[in-house]
Amino acid sequence: MAECILEVKDLTKRFRGRDKKGREDTEEQAAVDGVSFSIEKGECLGLIGESGSGKSTTAYMAAGLLKPDRGECLFHGRHMQMVFQDPMKAMNPRKKVIDSISEGLLYHRNGLSRAQIREKALEAMDMVQIDRSFAERYSRELSGGECQRATIARAILIRPELLICDEVTSALDVSVQAQIIRLLDSLKKRLRLSYLFISHDIALVSSICDRVAVMYRGKIVEIGRTKDVIADPQNEYTRCLIDSILTL
Amino acid sequence: MLEVKNITVAYGSDTVVKDVSFAVKPGEVIGIVGESGSGKSTVLKSILGLLDSRGKVLGGEILLNGENLLGFTSGRMRQIRGKEIAMVFQHPELSLDPVWPVGRSFYESIRVHREITKKEAAVQGRKLLEALELGEPDKILSSYPFELSGGMCQRAAIAIAMANRPGILLADEPTSALDVTVQKQVIETMMQMRKEFSASILIVSHNIGVIAKMADFVGVMRRGQMVEWGTKEEVLYSPEHDYTKALIRAVPKMGGELPAAAEEVGHG
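First to last, the protein sequences are chains A and B.
Heads up: the first sequence at position 94 corresponds to 94 in UniProt numbering, and the numbers run straight through without jumps.
Heads up: the second sequence at position 66 corresponds to 66 in UniProt numbering, and the numbers run straight through without jumps.
Derived from the structure by calculation, the hints contain no laboratory data.
What you are looking at is a predicted structure, and each value in this text was computed from that prediction instead of being measured.
One or more hints might be untrue.
Which stretches of chain B does chain A cover? Using the computed rule of at least three CB atoms under 8 Å from a CB of chain A, they are [said to hold, decoys possible]: (1) 170-181; (2) 204-212; (3) 245-252.
Think about it this way: if two alpha-carbon atoms lie no more than 30 Å apart in a straight line, the pair counts; the simulated BS3-like pairs of lysine-lysine are [said to hold, decoys possible]: (4) Lys184/B to Lys232/B; (5) Lys232/B to Lys5/B; (6) Lys213/B to Lys195/B; (7) Lys213/B to Lys227/A; (8) Lys9/A to Lys67/A; (9) Lys189/A to Lys9/A; (10) Lys89/A to Lys253/B; (11) Lys139/B to Lys245/B; (12) Lys41/A to Lys139/B; (13) Lys83/B to Lys195/B; (14) Lys188/A to Lys245/B; (15) Lys188/A to Lys253/B; (16) Lys139/B to Lys89/A; (17) Lys253/B to Lys227/A; (18) Lys184/B to Lys219/A; (19) Lys227/A to Lys139/B; (20) Lys245/B to Lys189/A; (21) Lys83/B to Lys139/B; (22) Lys253/B to Lys189/A; (23) Lys5/B to Lys227/A; (24) Lys253/B to Lys219/A.
Glycine residues also receive a C-beta, built at the ideal position from the N, C-alpha and C atoms.
Sequences are here, hints too, so could you generate the full structure?
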């Protein structure tokens, strides 16, 4: 078996809901319920499911942004980074683009001077194909697609082994979405990145992911090679999801 | 029955719709696709006279059964809206009054156009929901929007829009806020309503899959202009315009290939 970059074992998170009058429920709901999977080095694992299925909660726990109630995440790398759905909200509106992109290296400096960090940030901008002239602009001056490229540049700056992408194209137009997907795919090969790629769009997932896990009500109901899952889904919910796809 | 002729719309000095024309004939489903900022929603708002205070139709005509809607007073437009032309929006929970149960919304939207008692409205509402096979119509009528799921809410909103039996239903991204499994149900609801009332539908969406599923005729908008128009088969399966081609190539398809990112579409 190939080397794993991330192993998730029996991950569980419960939340307390609220009733109609806004009082806390006495009973807890499991948002994520015993989820296990692993991602190999250089692999892209898709996590699909409808809203409320627990995809994002799983991502937050994998990224260490949320403490699981049970289970563990084992990360066999040095850095992981996350890219979010809404690039405008993910960028600090009061910072210049270059300063936002550089931020990672200011924390993980490795003895680099400010000028060297800036040069590395500009190189990252080249890699995601945004013009260097955008460096001194603010995020609000960028289009959604450009802004998402900038957040990807920020994410790859410290050369993470794993990128967690949470619905990174959902807020974008379809033509821009295609560009971002192609960019992520080329970065995967170039930097030997692994991805946890979260999306509700199974057609999109089928284009970039090696394997796919289908989540429904907090559980993984099916996991396998993308081609196999699409060609011959074993689970009823997966079948329903595939049947609902509207494409050309 | 509805004819949009060479309309040009601007917000302040920004022209967002340029010389757009198309016609909606009885019983047809017209789909308009386009990316954000292409002007597709503005076209719908212009038809209903719902442009905000900065928006202005600078030229052209919008003819409903031969009469130009642009010349109508706001009072006259109120009689048209909901009665002749109804609309559903992207976020059903925002378009329904949050402090009214669904049944009250039914009653109010009928009462605007004709005398009706609450009891009669409830009977009609129940009939419509039963026709849609939504299950437990009485429970839906007595529920507040927040108590319903997004998909249920949208289907109730569609039923309310059809309560006055309008000839045309306008829909602005009616499925974009919903999960794919629910999306399919909402599309089915709209198609069922069209059959039941032999209404026309004008739907605007960025989702080409939704348009492909529903529409008879398709228009493609880009930067305020209608760059291509024709039957669904012509536009989606043998497109002529480069932008349409690029747009269709960019749609992710099941089965593994990366969607094509044509430079022609331009950077977002």
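Right, here's what the structure says about each hint:
1. 170-181: holds (count 3)
2. 204-212: holds (count 6)
3. 245-252: holds (count 7)
4. Lys184/B to Lys232/B: holds (19 Å)
5. Lys232/B to Lys5/B: Roughly 21 Å separates the two Cα atoms, so the pair holds.
6. Lys213/B to Lys195/B: Holds, at roughly 15 Å.
7. Lys213/B to Lys227/A: The given pair, whose Cα atoms are some 24 Å apart, holds under the 30 Å limit.
8. Lys9/A to Lys67/A: The hint holds at about 14 Å.
9. Lys189/A to Lys9/A: The given pair, whose Cα atoms are some 27 Å apart, holds under the 30 Å limit.
10. Lys89/A to Lys253/B: holds (29 Å)
11. Lys139/B to Lys245/B: With a Cα-Cα distance of about 46 Å, the restraint between Lys139/B and Lys245/B is violated, given a limit of 30 Å.
12. Lys41/A to Lys139/B: Violated - the C-alpha atoms of Lys139/B and Lys41/A are around 51 Å apart, more than 30 Å.
13. Lys83/B to Lys195/B: holds (18 Å)
14. Lys188/A to Lys245/B: holds (28 Å)
15. Lys188/A to Lys253/B: holds (21 Å)
16. Lys139/B to Lys89/A: Since the Cα atoms of Lys139/B and Lys89/A sit roughly 39 Å apart, the hinted pair is violated (cutoff 30 Å).
17. Lys253/B to Lys227/A: holds (13 Å)
18. Lys184/B to Lys219/A: holds (23 Å)
19. Lys227/A to Lys139/B: violated (42 Å)
20. Lys245/B to Lys189/A: Between Lys245/B and Lys189/A the Cα gap is close to 28 Å, so the pair holds against 30 Å.
21. Lys83/B to Lys139/B: Distance ~26 Å between Lys83/B and Lys139/B Cα, so the pair holds.
22. Lys253/B to Lys189/A: holds (22 Å)
23. Lys5/B to Lys227/A: violated (48 Å)
24. Lys253/B to Lys219/A: At roughly 26 Å apart (the allowed maximum being 30 Å), Lys219/A and Lys253/B satisfy the hint.
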